[in-house]
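Given chain A, put chain B in place with the hints provided.
Protein chains in written order, with my numbering: chain A, 15 to 161; chain B, 15 to 161.
Some hints here could point you the wrong way.
Since copy identity is lost for identical chains, a pair holds within one copy or between any two.
In silico DSS-like links for lysine-lysine, alpha-carbon gap of 25 Å or less [claimed, not checked]:
no., residue 1, residue 2
1, 40, 76
2, 58, 149
3, 58, 142
4, 56, 142
5, 58, 40
Note that these hints are calculated values from the structure, not bench results.
2 protein chains.
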Amino acid sequence: MIHVVATGTFDILHPGHLYYLEESRKLGDELSVIVARDANVKHKPRPILPEDQRLQMVQALKPVDHAFLGDLHDMFRPIAEIGPDIITLGFNQHFDEENLRQRLRSRGLNADVARIAGYPGPLASSSKIVEHILKTRGPTPPVGEKE
Amino acid sequence: MIHVVATGTFDILHPGHLYYLEESRKLGDELSVIVARDANVKHKPRPILPEDQRLQMVQALKPVDHAFLGDLHDMFRPIAEIGPDIITLGFNQHFDEENLRQRLRSRGLNADVARIAGYPGPLASSSKIVEHILKTRGPTPPVGEKE
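Bound conformation, chain A alone:
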């Protein structure tokens, strides 16, 4: 049985997330998802939705067998506990595959790393959804822009 692990923030679920999880699930027989802790999201604005809510929504998606919150201090700890055969990266996750493979090896983890392509649809990113909300619902649209 091939166990796949996917990871991410999963703020405001959209078809891009779903596509990433469906494609990850297709690589094996069981999909576990590690959801980023609020405190660990530092490379982009803090998530809109709190971590327990993001976890709950990921857990409710059909391709997902199990979902867990990440570790606050050691990103490899939950991976070691799950012991996956494959770890998938989303198209916008800034890890170098080979570097991640080596870091996994140095922790005694033999998982392979696979990159999932981006979903081509519109509004398939939480930041694009936030931009769209600010543009269409904000109190002061930029000068020259019509609703």
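Okay, now just chain B, sitting in the frame of chain A:
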């Protein structure tokens, strides 16, 4: 077999939606969901996400067996096609149960109507999520308000 129908806009999925669908599913053996058409959402701001994207995300949730877009002109047409035993209303859907029951009867539909209670968690409404985004990510927070 008891067939349940739930309806809604399902813009920016959150635990409030999930709770409504899970509770609806518990009333029967099969859950079909009718997702509101963009053009028919008139009692609140237009949805952030387009109808096909909202449909796709609802369809991906574990409690949902089938999901369809609503009819542009006749809200009872898809209900007549599905022929449910129970139609559920969310806590914030502005239909009077008895009035809806009577309108169903007048169309020859014998479905019962059940009201699902609201989910008590935070940010469990698309409009609250939008407000939160405008407040925390908008360019000009209201005077006197701190981030």
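Now for the hints, and whether the structure bears them out:
{"no.": "1", "hint": "40 to 76", "in the structure": "both (12 Å within a copy, 17 Å between copies)"}
{"no.": "2", "hint": "58 to 149", "in the structure": "both (19 Å within a copy, 17 Å between copies)"}
{"no.": "3", "hint": "58 to 142", "in the structure": "both (13 Å within a copy, 22 Å between copies)"}
{"no.": "4", "hint": "56 to 142", "in the structure": "both (18 Å within a copy, 24 Å between copies)"}
{"no.": "5", "hint": "58 to 40", "in the structure": "neither (29 Å within a copy, 39 Å between copies)"}
When held up to the earlier numbered hints, the structure conflicts with hint 5 and nothing else.
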